[in-house]
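2 protein chains.
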Amino acid sequence: MTTAKKELFIGMDLGGSFIKYAIGDRQGNLLYADKRPSRADQSQDTIFSVIYSIVDDLLMHQERLHGQIVAIGFGSPGSVDFEHGRLIGATPNINDWTDADIRGRLEARYGLPTWVDNDANVMALAEARVGAARGKANVIALTLGTGIGGGILIAGEVYRGSDYAGAELGHMSINFLGPKCNCGNFGCIEQYASAPAMLRLYGQKLHEQNLPVPVELSTFLLFEQVASGQAAAVETVQEVCAYLGYALANLVNIFNPDVIVIGGGVADADIDLMQQIEKVMKQRALPPAVRQVQVKRAELGNRAGQVGAIMLAADAYAAQRQV
Amino acid sequence: MTTAKKELFIGMDLGGSFIKYAIGDRQGNLLYADKRPSRADQSQDTIFSVIYSIVDDLLMHQERLHGQIVAIGFGSPGSVDFEHGRLIGATPNINDWTDADIRGRLEARYGLPTWVDNDANVMALAEARVGAARGKANVIALTLGTGIGGGILIAGEVYRGSDYAGAELGHMSINFLGPKCNCGNFGCIEQYASAPAMLRLYGQKLHEQNLPVPVELSTFLLFEQVASGQAAAVETVQEVCAYLGYALANLVNIFNPDVIVIGGGVADADIDLMQQIEKVMKQRALPPAVRQVQVKRAELGNRAGQVGAIMLAADAYAAQRQV
Numbered sequence: 001m002t003t004a005k006k007e008l009f010i011g012m013d014l015g016g017s018f019i020k021y022a023i024g025d026r027q028g029n030l031l032y033a034d035k036r037p038s039r040a041d042q043s044q045d046t047i048f049s050v051i052y053s054i055v056d057d058l059l060m061h062q063e064r065l066h067g068q069i070v071a072i073g074f075g076s077p078g079s080v081d082f083e084h085g086r087l088i089g090a091t092p093n094i095n096d097w098t099d100a101d102i103r104g105r106l107e108a109r110y111g112l113p114t115w116v117d118n119d120a121n122v123m124a125l126a127e128a129r130v131g132a133a134r135g136k137a138n139v140i141a142l143t144l145g146t147g148i149g150g151g152i153l154i155a156g157e158v159y160r161g162s163d164y165a166g167a168e169l170g171h172m173s174i175n176f177l178g179p180k181c182n183c184g185n186f187g188c189i190e191q192y193a194s195a196p197a198m199l200r201l202y203g204q205k206l207h208e209q210n211l212p213v214p215v216e217l218s219t220f221l222l223f224e225q226v227a228s229g230q231a232a233a234v235e236t237v238q239e240v241c242a243y244l245g246y247a248l249a250n251l252v253n254i255f256n257p258d259v260i261v262i263g264g265g266v267a268d269a270d271i272d273l274m275q276q277i278e279k280v281m282k283q284r285a286l287p288p289a290v291r292q293v294q295v296k297r298a299e300l301g302n303r304a305g306q307v308g309a310i311m312l313a314a315d316a317y318a319a320q321r322q323v
Numbered sequence: 001m002t003t004a005k006k007e008l009f010i011g012m013d014l015g016g017s018f019i020k021y022a023i024g025d026r027q028g029n030l031l032y033a034d035k036r037p038s039r040a041d042q043s044q045d046t047i048f049s050v051i052y053s054i055v056d057d058l059l060m061h062q063e064r065l066h067g068q069i070v071a072i073g074f075g076s077p078g079s080v081d082f083e084h085g086r087l088i089g090a091t092p093n094i095n096d097w098t099d100a101d102i103r104g105r106l107e108a109r110y111g112l113p114t115w116v117d118n119d120a121n122v123m124a125l126a127e128a129r130v131g132a133a134r135g136k137a138n139v140i141a142l143t144l145g146t147g148i149g150g151g152i153l154i155a156g157e158v159y160r161g162s163d164y165a166g167a168e169l170g171h172m173s174i175n176f177l178g179p180k181c182n183c184g185n186f187g188c189i190e191q192y193a194s195a196p197a198m199l200r201l202y203g204q205k206l207h208e209q210n211l212p213v214p215v216e217l218s219t220f221l222l223f224e225q226v227a228s229g230q231a232a233a234v235e236t237v238q239e240v241c242a243y244l245g246y247a248l249a250n251l252v253n254i255f256n257p258d259v260i261v262i263g264g265g266v267a268d269a270d271i272d273l274m275q276q277i278e279k280v281m282k283q284r285a286l287p288p289a290v291r292q293v294q295v296k297r298a299e300l301g302n303r304a305g306q307v308g309a310i311m312l313a314a315d316a317y318a319a320q321r322q323v
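For the record, the sequence lines run as chains A and B.
Letter by letter, the first sequence follows residues 1 to 323 in our numbering.
Letter by letter, the second sequence follows residues 1 to 323 in our numbering.
Because identical chains cannot be distinguished in the list, a pair is counted as satisfied if it fits within a single copy or across any two copies.
Straight-line alpha carbon distances no greater than 25 Å define the calculated SDA-like cross-link-like pairs of lysine to any residue that follow:
1. Lys205 to Ser218
2. Lys205 to Leu177
3. Lys180 to Arg291
4. Lys180 to Lys282
5. Lys282 to Cys183
For the record, the hints were derived by calculation from the structure and aren't laboratory data.
Start from the sequences and build out the full structure, keeping to the hints where you can.
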């Protein structure tokens, strides 16, 4: 008696420091996961050589896992042409990643069908399939970190926009008179609630309250001070949660979603930001639109990228086989 | 030789003053159109008696039009449960319209399949099918009037939100410190760019410039003064177009749509607001997201409601027959 080998998927999540990768199944279970430096400051060929060495290694795990790798999913920073699996233009944190033809290169080398998407979309997909928003149709995801990333799922599908340039939720302005953003706009929520924005505000508050401003501020330090009840820290977090609440109220009035998932380093804090954000959101949003909306902390943490890339590949692979 | 009778659809558009109605075909051509007072200040039964008298009359036109009415589409103010064809709660301009069971009543009386949707959704659908955004997949529609209504089409389908309470684009805040809105939020675009907001600003500017403030300000008067080059009027329109540009930049960063359609009384002005709005939008939105977005004036004018209701019925009728 022979049994068909289990279908396995490679998921890769490229970042400015590391590339995380995993082998997983259709259900998003990770059977093997690791990371290595992405060498993002080097040439495109060097980055691809890192990617190739990873895939080469992962393919050797198939047998041990009693499975067969049938497709690759890949999350990348930047705007990604989902249809062709390649970058559209450049992305700030990876110097030589302009127009990188990820699908083209991987399919040519491995003969495995490959799907590529923006990293925030991939994380949103992971949370919607097997994370905080599993089973939900209309999902908004925000990732709070150095910047603020966004992902939108409509009827269970990632919404990418007409030129794959939508879901830039960090660049929704909540005040047209607000601080100038790197993107050229004013008052983007990224200027109020990213990690750097949060620390800038905390530094200001410490200064105003004649407290010493540590040379190296970090969100870790900030949250430690919140836990110990320091006024400047508590006020900072309250203010940032209010800004996020204003942004979420807009997203609720626009999308009337089932769930808003908040992830990223900031959201991983021990303190519960979600309740504070939700309270302000409910004060500001239209009652019929907000009534059933849940605000949830992301569940997949720093595995969301790998899991999402696997789900991306698994979904697309299944759809392709149905045709 | 017999020919099958042409399939015709009734489209109705209920408003606070009038109910507009029409008979049209699958392509959204109106073969007959009229309006009569909606008697919106009276009881729900009275309003339904107006609706019944209209349908009774329209059914008598079938023969003359060599067709057969096969379905009814209906646009109503308020949140509409699309699945059940009835109001969710109340709507401000029609006193006794709470929970009105439009589909239930019409299907029971006429045996014709009936679909009901929010009026702004219906107008967006009309523009996306046969108006300014025809053939486009991802469409945002704004209707500037006493309030600001919104409609969203994703991949050619109306997006309604998880509880049919989404697309409230007039209640996207562009300044969390802005003026208080009727909805309870602050800085909603409706407070900056609806007809009353525009006239409030114009009155202020006239006052500041020591000019007489007419007792009855109207957008008609305002636009007349713009055409004659009055500084206060020109400044008012420039400022309002900038606010709309800020709002559109947000919608572009979120949706990266194909087209944004702007309709409603304000947009019907002879002067070209679209260019001014588009200029500010392009300054503020992310370049990859805005590059191909078109801002267009709605084309269907005050027929959009009837045409959209017909398209709503025609689409749903066709989909139902395919099952």
